[in-house]
Amino acid sequence: MNYLHKKSRSGFTLIELLVVIAIVGVLSGIVLQSLQSARYKSQNATRLSDINQIDNALQLYLTKTNASLPSTAGSWRCVGLTTGTCWIAGYLPATTLNTALAGNISKIPKDPAIATGNGNYYLYNSAYAGTSGTGSYIDYFVNKIGSRPCGRGYAVGTGGNPTFQECLLFLGKN
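Here numbering that gives the first Met the number 0 is used: position 32 in the sequence shown is 31, and no number is missing along the way.
The hints are simulated quantities; they were obtained by calculation from the structure and are not laboratory data. Every residue gets a Cβ at the ideal spot worked out from N, C-alpha and C, and that includes glycine. Where hints are given, some of them may not hold.
What the hints assert, rightly or not - Straight line, CA to CA, 27 Å or less: simulated BS3-like cross-link-like pairs of lysine-lysine:
1) Lys109 <-> Lys143
2) Lys63 <-> Lys106
3) Lys143 <-> Lys63
4) Lys109 <-> Lys172
5) Lys143 <-> Lys40
6) Lys109 <-> Lys40
7) Lys106 <-> Lys40
8) Lys109 <-> Lys63
9) Lys106 <-> Lys172
To be verified - Label-pair distances were calculated between CB atoms; the ranges are:
10) Gly145 <-> Gly89: 28 to 34 Å
11) Thr84 <-> Leu26: 43 to 49 Å
12) Arg151 <-> Ala128: 18 to 24 Å
13) Lys106 <-> Ile144: 23 to 29 Å
14) Lys106 <-> Ser67: 20 to 26 Å
15) Gly156 <-> Thr94: 26 to 32 Å
16) Lys106 <-> Ala72: 23 to 29 Å
17) Ala128 <-> Arg38: 31 to 37 Å
18) Lys143 <-> Leu13: 40 to 46 Å
19) Ile14 <-> Gly159: 43 to 49 Å
20) Ala126 <-> Thr162: 28 to 34 Å
Could you put together the complete structure from these sequences and hints?
Printed below as a string of structure tokens:
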């Protein structure tokens, strides 16, 4: 008698392996996108907190000294930078602002995306003609995420990078 013996096969077929690999790929892409989104939200929260700290320190300065906001002679200056320049445009340090902030804030904040050297420091201008009138403004960039990425500030453009939102916060009239 001849019996046909079926060979028992263990393992997976090529199709099954490809399906599993595709599913794992899709799931990892979703997870990585969620992590990136969380990173952007965290950076934005830090930036908005930094801007509020700078604003609060300036308000304390005004209360203590009964003076006006520090002057930059109408040009943009890098907040917290002590030497060199920041940004591509080569903005100089906001020396008078840094001095005013020093007594009211332990460490002048800078953008969380900066590792070292020149980068996206926050900018200050004492005589900018913005939508709230001519006065002192802080200029900062946030990741374009969420419905109000600028916080208390208002959106003014992208600064040439569509993934960022440029924002201005009016600090007061001089």
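Structure-based check of each hint:
Distance hint between Lys109 and Lys143 is fulfilled; the C-alpha atoms sit about 19 Å from each other, no more than 27 Å. Distance hint between Lys63 and Lys106 is fulfilled; the C-alpha atoms sit about 19 Å from each other, no more than 27 Å. At most 27 Å may separate the alpha-carbon atoms for a hinted pair to count; Lys143 and Lys63 exceed this at roughly 37 Å. Between Lys109 and Lys172 the CA atoms are separated by roughly 24 Å; this keeps the pair inside 27 Å, and the hint holds.
For the hint pairing Lys143 with Lys40, the CA-to-CA distance comes to about 9 Å; that is within 27 Å, so the pair holds. Proposed proximity of Lys109 and Lys40 is supported: the alpha carbons are some 17 Å apart, at most 27 Å. Between Lys106 and Lys40 the alpha-carbon distance is near 23 Å, which keeps this suggested pair within the 27 Å criterion. As the CA atoms of Lys109 and Lys63 are separated by approximately 24 Å, the hinted pair is consistent with the 27 Å bound.
In summary, the hint linking Lys106 to Lys172 is supported, as the alpha carbons are separated by about 25 Å, within the 27 Å threshold. With their beta carbons about 31 Å apart, Gly145 and Gly89 fall inside the hinted range of 28 to 34 Å. Between Thr84 and Leu26 the CB atoms are about 45 Å apart, so this pair conforms to the stated range of 43 to 49 Å. A hinted range of 18 to 24 Å holds for the C-beta pair Arg151 and Ala128, which are about 19 Å apart.
Judged by the Cβ atoms, the range 23 to 29 Å given for Lys106 and Ile144 holds: they are separated by roughly 26 Å. Checked against the hint of 20 to 26 Å, the pair Lys106 and Ser67 passes, with Cβ atoms roughly 25 Å apart. Distance hint check for Gly156 and Thr94: the Cβ-Cβ separation is about 27 Å, which falls inside the suggested range of 26 to 32 Å. Taken as a hint, the range 23 to 29 Å holds for the pair Lys106 and Ala72, whose Cβ atoms sit roughly 26 Å apart.
Between Ala128 and Arg38 the C-beta distance comes to about 35 Å, which sits within the given range of 31 to 37 Å. For Lys143 paired with Leu13, a C-beta distance near 42 Å keeps the hint of 40 to 46 Å intact. Taken as a hint, the range 43 to 49 Å holds for the pair Ile14 and Gly159, whose Cβ atoms sit roughly 47 Å apart. Distance hint for Ala126 and Thr162: a CB-CB separation of about 30 Å, consistent with the stated range 28 to 34 Å.
In this structure, only the earlier hint numbered 3 is contradicted, and the remaining ones agree with it.
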